[in-house]
Amino acid sequence: MNNEELQNIINSWFPDSISNAVITETSDETESVQPISSNGLEFTEEDSQFLNVTVQPEHFHKLMSQLKSNSETNFDYLFCLSGVDWGTELGVVYHLESTTHRHIIVVKVKTDDRENPAFESVCDIWATAEFHEREVYDFFGIIFNNHPNLKRLFLTDEWEGFPLRKDYVDEINMVIK
Amino acid sequence: METTTVNTNFKSEEYFINMGPQHPATHGVLRLLLTIDGEIIKKVDPDLGYIHRSIEKMCERDSYQQIVHLTDRMDYLSSHINNEAVCLAVENALELEIPDRVQVIRTIIGELTRIASHCLWWGVMGMDVGALTTYFYGFRDREMINDIFEETCGARLTMNYNIPGGLMFDIHPNFVNRVKEFIAHFKTKLPEYDTLLTGNVIFQKRTRGVGILSKEDAISFGASGPIGRGSGYSCDVRKHHPYSAYDKVKFKEVLKTDGDAFARYQVRIQEMWESLSIVEQLIDNIPEGDYKITTRAVIKLPKGEFYQKVETARGELGVYIISTGTKNPYRLKFRSPGFSNLSLLNHIAVGGKIGDLVASMATLDLVIPDIDR
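Protein sequences, first through last, are from chains A and B.
Under this note's numbering, the first residue of the first sequence carries the number 1159, and numbering increases by one thereafter.
Under this note's numbering, the first residue of the second sequence carries the number -15, and numbering increases by one thereafter.
A hint or two may mislead.
Stated by the list, open to error - BS3-like, lysine-lysine: derived pairs with alpha carbons at most 27 Å apart:
| hint | chain 1 | residue 1 | chain 2 | residue 2 |
| --- | --- | --- | --- | --- |
| 1 | B | Lys240 | A | Lys1266 |
| 2 | A | Lys1226 | B | Lys164 |
| 3 | A | Lys1324 | B | Lys41 |
| 4 | B | Lys26 | A | Lys1309 |
| 5 | B | Lys223 | A | Lys1226 |
| 6 | B | Lys26 | B | Lys189 |
| 7 | B | Lys199 | B | Lys173 |
| 8 | B | Lys173 | A | Lys1324 |
| 9 | B | Lys284 | A | Lys1324 |
| 10 | A | Lys1309 | B | Lys41 |
| 11 | B | Lys27 | A | Lys1309 |
| 12 | A | Lys1226 | B | Lys311 |
To be verified - One-sided and incomplete, this derived list gives chain B residues near chain A with beta-carbon spacing under 10 Å:
| hint | residue |
| --- | --- |
| 13 | Phe120 |
| 14 | Tyr314 |
| 15 | Ser324 |
| 16 | Leu326 |
Claimed, not checked - Computed far set for chain A versus chain B, every beta-carbon distance over 10 Å:
| hint | residue |
| --- | --- |
| 17 | Asn1166 |
| 18 | Phe1201 |
| 19 | Glu1204 |
| 20 | Glu1216 |
| 21 | His1219 |
| 22 | Ser1223 |
| 23 | Asn1228 |
| 24 | Phe1289 |
| 25 | Pro1321 |
In case anyone wonders, no lab produced these hints; they're calculated from the structure.
No residue lacks a Cβ here, since even glycine has one placed at the ideal position from N, Cα and C.
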């Protein structure tokens, strides 16, 4: 299935997206203007070899379980789950592949809340997410709701801060050039 | 008349024991917290981080040439393939045309790396289940490959032979002959592996029906490499997303459907034959040409996101680069095969005995620095 068909199928799960699609005005003209639908699904193929979709946290879990269970998409292989600190926003990037159709999609979810960033866990959809989400929690402090065992994985329980955040400071151990 | 009394106060209880962080079967500094009832495993809780160096954070301050050298400290038995992953990601992002000679040499050395890694695995696999001799056989053959590597690039393990744009230097004049010698040697030795261990009754009893992983679970747990293929899940990156010279060679993706420890064992033995065949197809046909193309001294990737997957000896390694157009990556994530493969250990070990856990872990072929990064 090509990216356009994928995009249409995903949009059809959130029915108000096509009719209410609006172009948002951004003051920064250098950035490309993306159509944002009322349900907040944002598709782009720019700057990436895969189809990217950014989803609002409230729709996130529904989208993910649809991507897995729908027979046309059938994204059953979560091959990469990465936390990212975009400066002001924290978020998680999910790389999904279908082992039957062999298509790939990248799902991104972001939040501005740096104090208590929280998303729904996808452990119930892909078993591998349990470890990967613990890793993201360990390094970015992102909380995953409904995770069966959310605690630090690599660092000790007493560790302060989240090292892979961009604002993390450790004057003793970090060598900054 | 005497009666035997049964002490009903004595209940079987669950208790914890530590396996590792320094245990021969964990092959490195991995600590497993086992919850046990008698000798039956109820839960396996891996405790990681003993060799965590935060390579991903270091990558954010290093240039792309420097990052290549960090990657062979992850899965040190697939160091060449790890280097290749970063180089390919950078080359694809810059849209560089890599000479055929480089691609073929990379593929040959990648497959030799896979054989060397599987030789070591086979040796320690036998040792884990009580057959010490295999260790010496496996290391004897691996030694020949390491000697070839040493002659060509100066290092035996952390090779650093790849650079973005090609190879650090051309192959040694002896390379082709020594590889051919190795192929001839290993073809007579690989059948010995089967006669020594595969058919052994004790070995089969230790591995058949142990640590069963279904195909659905393998996909859900993100298993890759011989573990996924042992469960009948076609996951070979070399087939599905070919890179370097893999689209020019013929090889079979080895699949077994049993999903137990023995199936994973068989996949690796078969893979060594396939790797030999790949090397044989390429070794006489190394194209003439440059061994590298000149790149800028300071490599800047365009703004955007780049993903590259390769098949290491352990499975699928992913390199996910987010670039803002500077000389360092903004974020670099390594999707390491060992990390996902470890996550299914609890699933396959529960209900078995501690001895089964050792056998299952041996067939997972874990390299701890790859998991911790």
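Here is what the structure says about each hint:
1. Between Lys240 of chain B and Lys1266 of chain A the alpha-carbon distance is near 35 Å, which puts this suggested pair outside the 27 Å criterion.
2. The straight-line distance between the Cα atoms of Lys1226 of chain A and Lys164 of chain B is roughly 47 Å, outside the 27 Å bound, and the hint therefore fails.
3. Straight-line distance between C-alpha atoms of Lys1324 of chain A and Lys41 of chain B comes to about 10 Å, which keeps the hinted pair within the 27 Å bound.
4. Restraint check for Lys26 of chain B and Lys1309 of chain A: satisfied, since their Cα atoms lie roughly 20 Å apart, inside the 27 Å limit.
5. At most 27 Å may separate the alpha-carbon atoms for a hinted pair to count; Lys223 of chain B and Lys1226 of chain A meet this at roughly 23 Å.
6. Distance hint between Lys26 of chain B and Lys189 of chain B is fulfilled; the C-alpha atoms sit about 22 Å from each other, no more than 27 Å.
7. A C-alpha spacing of about 32 Å is found between Lys199 of chain B and Lys173 of chain B, which places the hinted pair above 27 Å, so the restraint is violated.
8. For the suggested pair Lys173 of chain B and Lys1324 of chain A, the alpha carbons sit about 52 Å apart, so the restraint of at most 27 Å is broken.
9. Annotation: proposed proximity of Lys284 of chain B to Lys1324 of chain A holds, straight-line Cα distance about 20 Å (limit 27 Å).
10. About 20 Å separates the Cα atoms of Lys1309 of chain A and Lys41 of chain B, which keeps this hinted pair within 27 Å; it holds.
11. A distance of roughly 17 Å separates the Cα atoms of Lys27 of chain B and Lys1309 of chain A; the hinted pair therefore holds under the 27 Å criterion.
12. Restraint check for Lys1226 of chain A and Lys311 of chain B: not satisfied, since their Cα atoms lie roughly 37 Å apart, outside the 27 Å limit.
13. For Phe120 of chain B, the interface hint is violated, since its Cβ never comes within 10 Å of a Cβ in chain A; the closest pair sits about 35 Å apart.
14. Hint status for Tyr314 of chain B: holds, given a least beta-carbon distance of 8 Å to chain A, under 10 Å.
15. The interface hint given for Ser324 of chain B holds, since its Cβ lies 5 Å from the closest Cβ of chain A, which is under the 10 Å cut-off.
16. Restraint check, Leu326 of chain B versus chain A: the minimum CB separation of about 7 Å is within 10 Å; hint holds.
17. The claim that Asn1166 of chain A is not at the interface with chain B holds, since no C-beta of that chain comes within 10 Å of its own (minimum 23 Å).
18. Every Cβ of chain B is farther than 10 Å from the Cβ of Phe1201 of chain A; the closest lies at roughly 15 Å, confirming the non-interface assignment.
19. Separation of Glu1204 of chain A from chain B is inadequate, the least Cβ-Cβ distance of about 8 Å not exceeding the 10 Å criterion.
20. Every C-beta of chain B lies more than 10 Å from that of Glu1216 of chain A, the closest at about 25 Å, which supports listing it as non-interface.
21. No beta-carbon of chain B comes within 10 Å of the beta-carbon of His1219 of chain A; the shortest separation is about 17 Å.
22. Residue-level check passed: Ser1223 of chain A sits 13 Å from the nearest beta carbon of chain B, beyond 10 Å.
23. The Cβ of Asn1228 of chain A lies farther than 10 Å from every Cβ of chain B, with a closest approach of about 16 Å, so its non-interface assignment holds.
24. Distance to chain B contradicts Phe1289 of chain A as a non-interface residue, since its nearest Cβ pair spans about 4 Å, not more than 10 Å.
25. A beta-carbon of chain B comes within 10 Å of the beta-carbon of Pro1321 of chain A; the shortest separation is about 6 Å.
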